[in-house]
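Chains as they are written, first to last, in our numbering: chain R, 283 to 769; chain Y, 283 to 769; chain A, 2 to 458; chain G, 2 to 458.
FYI, nobody ran anything at the bench for these hints, they're computed from the structure.
Treat the hints loosely; a few may be bogus.
[What the hints assert, rightly or not] Mimicking BS3-like on lysine-lysine, the simulated pairs with C-alpha atoms at most 25 Å apart in a straight line are: (1) Y/Lys285 - Y/Lys765; (2) R/Lys668 - R/Lys285; (3) G/Lys327 - R/Lys462; (4) A/Lys197 - Y/Lys462; (5) Y/Lys740 - R/Lys285; (6) R/Lys740 - Y/Lys285; (7) R/Lys740 - R/Lys668; (8) Y/Lys668 - Y/Lys740.
Computed from a predicted model, the values in this text were never measured in an experiment.
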Amino acid sequence: MKKPEPLIFELSQPGRGATAQHPPGVTAELPQRLRRRSRLPLPEVSELQAVRHYTRLSQMNFGIDTQFYPLGSCTMKYNPRICNSLALLPEFLGRHPLAPASTGQGFMSCLFELQEMLRQVTGMAAVSLTPMAGAQGEFAGVAMIRAYHRARGDTARNEIIVPDAAHGTNPATASMCGMKVREIASRPDGDVDLAALDAALSGATAGIMLTNPSTLGVFERNIVEIERRVHAAGGLLYYDGANLNAILGKVRPGDMGFDVIHMNLHKTFSTPHGGGGPGSGAVGVGPRLAPYMPVPVVSKDDGRYRWLDERDLPQSIGRLSGFMGNSGVLLRAWVYMRILGAEGMRRVAEYSTLNANYLLARLVEAGFDAAYPGRRASHEFIITLKRQARETGANAMDFAKRLLDHGYHAPTTYFPLLVPECLLIEPTETETREELDGFVEAMAAILREAAADAATLKGAPYTLPVRRLDDVRAARQLDVAWKPAAA
Amino acid sequence: MKKPEPLIFELSQPGRGATAQHPPGVTAELPQRLRRRSRLPLPEVSELQAVRHYTRLSQMNFGIDTQFYPLGSCTMKYNPRICNSLALLPEFLGRHPLAPASTGQGFMSCLFELQEMLRQVTGMAAVSLTPMAGAQGEFAGVAMIRAYHRARGDTARNEIIVPDAAHGTNPATASMCGMKVREIASRPDGDVDLAALDAALSGATAGIMLTNPSTLGVFERNIVEIERRVHAAGGLLYYDGANLNAILGKVRPGDMGFDVIHMNLHKTFSTPHGGGGPGSGAVGVGPRLAPYMPVPVVSKDDGRYRWLDERDLPQSIGRLSGFMGNSGVLLRAWVYMRILGAEGMRRVAEYSTLNANYLLARLVEAGFDAAYPGRRASHEFIITLKRQARETGANAMDFAKRLLDHGYHAPTTYFPLLVPECLLIEPTETETREELDGFVEAMAAILREAAADAATLKGAPYTLPVRRLDDVRAARQLDVAWKPAAA
Amino acid sequence: MPYIPHTAADVRAMLGRIGVERIEDLFDEIPRALRVDALPGVPPALSEMEVSRLAAELAARDGRRLNFIGAGAYEHHIPAPVWQLVTRGEIYSAYTPYQAEASQGTLQIMYEYQSMIAALTGMDVSNASLYDGASALAEACLMAVRAHRRSRSARILMPVTVNPAWRRAARAITEGQGIVIDELPYDPARGITDPKALEGHAGTDLTALVVPQPNFFGQLEDADALTRWAHANGALVIGAVNPVALALIAPPGEWGEGGADIAVGDAQPFGVPLSSGGPYVGFMASRMEHVRQMPGRIAGRTVDADGRTGYTLTLQAREQHIRRGKATSNICTNQGLLMSAATIHLALLGPVGLERVADACLARTAELVSALTSIGAIRCAFAGPRFHEAVLLLDRPVAPLLEALASDGIVGGHDLSRDYPELGHALLVCATETRTAADIERYAVSLGRLLGRAAAA
Amino acid sequence: MPYIPHTAADVRAMLGRIGVERIEDLFDEIPRALRVDALPGVPPALSEMEVSRLAAELAARDGRRLNFIGAGAYEHHIPAPVWQLVTRGEIYSAYTPYQAEASQGTLQIMYEYQSMIAALTGMDVSNASLYDGASALAEACLMAVRAHRRSRSARILMPVTVNPAWRRAARAITEGQGIVIDELPYDPARGITDPKALEGHAGTDLTALVVPQPNFFGQLEDADALTRWAHANGALVIGAVNPVALALIAPPGEWGEGGADIAVGDAQPFGVPLSSGGPYVGFMASRMEHVRQMPGRIAGRTVDADGRTGYTLTLQAREQHIRRGKATSNICTNQGLLMSAATIHLALLGPVGLERVADACLARTAELVSALTSIGAIRCAFAGPRFHEAVLLLDRPVAPLLEALASDGIVGGHDLSRDYPELGHALLVCATETRTAADIERYAVSLGRLLGRAAAA
Ligand SMILES: Cc1ncc(COP(=O)(O)O)c(C=O)c1O
Ligand SMILES: Cc1ncc(COP(=O)(O)O)c(C=O)c1O
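Take the sequences, apply the hints, and build the full model.
This is how it looks when you write it as structure tokens:
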């Protein structure tokens, strides 16, 4: 009986407004030729209308704060509320990024400490916090690799090797840096195929991008060998550390021989995802790449903090943002890491791994197929519904949509691309055993439903604000902005 | 398919905890004989569990921020979010109420200004902000009336006259002050029956408690005459100003001759209701009662603010709280009033009255019966479903419950007690015409449903987290606290 | 028009539907002579931006200081989720849950809160809040008079060690009903209620004895002995307790043989900031036999038409909106938002967290007392166990010292000279888990300097 | 264990189910030699209370000052509802809306945001955010190269009046793809791009011309003329705009004859606090014909299985998770939370509110310029209309003055000496609607004192 929530534009009436938000009126002079000619078709609504509208919209979302959200590769763990409170302290919020460094020593000390902590947990030589998300961290990393080879006159190296399991940002980043992408296959056990690697390595190899544990949810057991071969071939090693949850305090990319790593602070270090960001893709580098780090970087001299820029790091790949990156995200990560401390970080690895292996074991007991049986799960793991899809017609998408009706967010579907009908499941360390058990029960119920009544399953979801959406129509009859009715 | 939300105790596991909230451990000495012997059966949950639980619970509520909430006599208008932000400024929040007044001049200046503004809008001689809700304001008012008569040696005056339409707190307050309650009838047109008043007035009359506009939603047209008669009989007049929405800047209780008034800042002045408080029941007094005001009261001498207490006001009825009342609510009211300004306050009266009269007119057009036809609505009005109940069997409760399914909070039901099957409807000034129209449509739809299918109506609601609740069982099989299972 | 959504077209259409010309016509039942058309004393409107700036400047003028006062309001760490959750619109902007089906969130929180208060106090039932600790004590006195079936005297014994503001409020609120409050002196050595003071009352018609725990001086009373005496003398026992302390010390439900009859206090230490004095949240719990005499809202668990568990307001026949002049109290709006904050706070602390807080309060106060008394010229007024407050005796008037400390960024304690002149220059100080060793040191150094003495290392 | 809910019993049961003895066993695929068992350089854990105190102290050390810098980040009043809404868990803790049915809130907000950005810029379509203005400009350059069907040069003309940090970022981000950025000088009298500077480029193969509006100096460029020139010479036009200004000045969609082709900027002025530099929110809008070359997420309106309106991510074939190495960009996580804040901010301001803000920016900056130039020894660098920034020329180095002003509680502007040495001692100052007449006076007095002159009344 409740009506769907209209667009804010549909709530608008000419002459209405949240007028408490209007500054006192002044008339300003501006030549007519420079003035806007068209009406500004923004909505005219009261403050209550806006508050009610966006409150209602928010209630249509699943979030970590309301549901178990085992979206693989996304690390939907609890985002401590204190991180938000402290990042929003008025002094941090009110500070202009270009105000003199003398007015930001407190803020910069947090960032410096964060750089140091990230250095420790990755085992790298130096850290730059400036990239604004994982993909930009990747960009910085590949750009540094490119700059390194160029600085050595090694200009023929224009290929980046990427395993087929890699996240889409890896090849996209390589292209963005003007590199050619060479994809190599994974073996059936999930590790990189060393023969394929050898075949790909050449004098054109600029580097390899690896995720370890990979997005197949397994730890690359040949990592030492891979490192040896790539370095021997003159390439560098890039570590996609979007997610360090499985290795924090257990094993360090620097110790594995990687030359550069990016870290998604919005995953491992629990800043919120905000429905699509903001993130932070801080990069750590080994000694080879340190001169090329993106600026700015915080330094501490004689107890004073200051920003290093292109003048301090003349070989830097440059700056990637208008200021110094997503400071507010960095502050949240700093708070999180200070509360966890060294021991807390190790526990992240331990309990996220425990939860993943437990959930995998229980799902297998419940009749699901592990994509990599016999392997340990890292912080995540894959089940494949290939058999179920064949037997019942219900595919991974149907399972995912039906889970929503059970009050669980779906795992990542159809990624990595090489595993058919896959669900990539990442429970994270902040979920209770009871919650995991509830998820297993729901999956088991859906499995039964698939066998008994696949049609119902294919119609899911039923209890959300909308039923299954027509994506094809969305792309074909493109409607991406509301337009005022031609009056 | 979604499970009901368990109790927080049911999410508990021994040994679990939101340990980031634990202060560093210390061992403190305390004699064994003083120690607690029983376990402390508080829930042991993780921080995520608590956040998720209370976020989910919140989603089970209707609030102004999500629904039209025309609960008569409750003034569910938009609670500006800025009031919350500013009342929560860290300096206001962190200040101990007993810290020297020199450290609270900013805070006290807000309160002083609030006192002054309330004095202006009520037309009273002085204001005390200390009562913590409407009922405590009433208490203060009746206690002052009592103190006044006593101070004059007029000790026989121990009766308070209360119209039958009065809010329950009025007679309850009179009793609490040791007064006898004399109820007088309202006339069919909603005004006080002057003959009944005369019959009630005597040498025992301490005073009368009036709400004007009354909770019948009409303005008492004989107010001047009532004032004359009560004062002539030696009684004082108490104005229940729980809601000033209909008169703000239009007519002032002081000008009507009232001796004392309480105001619910959590209604007229838009501080939130919080699911049942906090409120503030500031009192305004005429010159007769000024010496008896409850303490503390803010005063300003030579530009410095200080608290007046019993030493400054030796005839005060005393203090009603541990400190100075609900300061945070007072700050919110101050913010609201400063944003409204004098003109904004008048508009509150105008538009709340406009909305009420419009909604009344439209509901009458839609086939509903006004309880007081021919009268103007004030900020609220009553419709009676007596006819519908007789004809269809669906009563006011059924209409109320069915409205919930339409996404509207129900009006106040079965109050005032003298109007059968009544709905007391208060739309407030912050609702749009479209919202009112939507409500009328829903009411009309329910009316049709009542005629066609009263049984469905009586089963409502259907779309809320629970169906209609068994209140009788709740009272008979009293279960008001979770108890740990005997282990 | 701030917060008013009406366009000119709306107004025209609406007036037309009502059948009047101007909004002013809607006020035509108000006698013309009474109508005003301006509010000259009210300042003109400000935008949100302007009032924000103004408020921020006023707040900044007050500044922030290191706080060492308790005296009824306590600074504790409040977990960040608490206020981020209670200010969610669905909690913040809901009314009292009159429509239970549309208020299950609030109602379930009330039920959980009641359960937690019952657990803490060791009592059977709790209501869903009263205004604050002081008014809760007053309501407890009135409730005791209603609940005590045999006592006719309406006489309450009230130790002077009860918070003076609470005593004043109890007097002001109960006076109209003819309740007599007799005050009991304290043992000057231990700062707790002198059992000898009770002797004179033995055998008289007593309605109730109030037992503060810890008392206003921070000292721990012999609650067992007091409860035994009261019960032996036919009086009910009202515990007035600090709820944090109950994590460590025996709760009212464990006092004497059968426990106290009513327990009240202020749940402000659970998630409610000092906030310049309020809103706080009074709590009240009692034995089941007295539940029908209890004031305030109570949520109960029941089932819906489909047999599902749900929550609703219950025992409403006690309340003013049903029973009117015969209600247990006039209370209507209470402290819902703070009740929710307290519930979430307790859920986050859990038994272990709350015990740790209580332990830290005890330990920090001991450190504070030792740091300040080691300055010299300051001594502790009372011997015996205490919780998180202590009375210190100084060699000179306290008020000017407190002003000087305030200029130094320290709120040094509460001056007792008005309420307890017999103590001389007495200062009530407090330290909770929020005060660090460095804070205490800073206070000691500052005070030492003001007293012209160096604090001992 | 902070944020980890496992009890000892849980761990035992879970390990049993997995079939291992200890948690450590789960890491047995990691080569032993690589494993570490401590993180010695990471400080020990703090409680929430401790870290809160620490952060508050660090923040207090930085303090608050009256701000007169813009230079790419602008202080505006943010309506209180904005952050109270976006920090609601359902928005704050949601991921990118991959499961559309469980993310209708985020998706509808994205659609509304896109609609608002399209409305403001006068363009057909907007994406749902890029990282910030600087990186959005870089993405626009890359997009122009993809979108321009005839140009082979990958050559972008970039006025020096574009924010220097944005120019640097554009260079760093586009370099790998062999894009050539040619800088265009400005007219020293008016501080805008000199049409003469374009002459030399006429007839060459150009991909795009960037038009900043207002430019980094706050001056308003002749966007119409520049657009006409570019289109006449076969180049696309990328508008790099301040979105607040678009309430008053002609948006990119109205420039020249057909309007610009791509518009980018930073939506930080909409509901996003200065926050020491980020997170902000880059926006990008374009003509419909280029939509398939656009980077970033786009939400589209569609219907569900029952024909109800709903929203979903669309045109995903442009994106890295589908197209991988051939995607329009590598961007994945963007600035969702800030996008939501901007949407709510704009809904609250509406067209009238935003115009008022823009008017106030214009007026306040004029007042600021007049107050500061009346000190003497300070003059305005450029003539002609400007928005909310202005370049002032001083008689001595700017940096030490800014330090001195900071000690006086004033953040006085941005020193241009590094990026525009040719201007001498140049200072970029800004005033938005948040600066009052009193603020401006305070700045003028303070600066006058530092310069050894009295400010004119
Ligand atoms: C493995 C992996 N790499 C890279 C990324 C890209 O990170 P971002 O979304 O922050 O750009 C992600 C996350 O989306 C990821 O899971
Ligand atoms: C007319 C009237 N009087 C008195 C009150 C009592 O106010 P409070 O609930 O703040 O005690 C109310 C509200 O509940 C009311 O509507």
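These are the hints, each one checked on the structure:
1. Using a Cα cut-off of 25 Å, the hinted pair Y/Lys285 and Y/Lys765 holds, with the two alpha carbons roughly 22 Å apart.
2. Of the supplied pair hints, the one linking R/Lys668 and R/Lys285 is violated, its CA atoms being roughly 39 Å apart against a limit of 25 Å.
3. For the suggested pair G/Lys327 and R/Lys462, the alpha carbons sit about 11 Å apart, so the restraint of at most 25 Å is met.
4. About 40 Å separates the Cα atoms of A/Lys197 and Y/Lys462, which puts this hinted pair outside 25 Å; it is violated.
5. Between Y/Lys740 and R/Lys285, the direct Cα distance comes to roughly 22 Å. Compliance with the 25 Å bound is thereby established for this hinted pair.
6. Taking the CA atoms of R/Lys740 and Y/Lys285, the gap is near 22 Å; set against the 25 Å cutoff, the hint holds.
7. Simply put, R/Lys740 and R/Lys668 have alpha-carbon atoms about 16 Å apart, close enough for the 25 Å limit, and the pair holds.
8. The suggested pairing of Y/Lys668 with Y/Lys740 holds, with an alpha-carbon distance near 16 Å, which does not exceed 25 Å.
This entry does not satisfy hints 2 and 4, going by the numbered hints stated previously.
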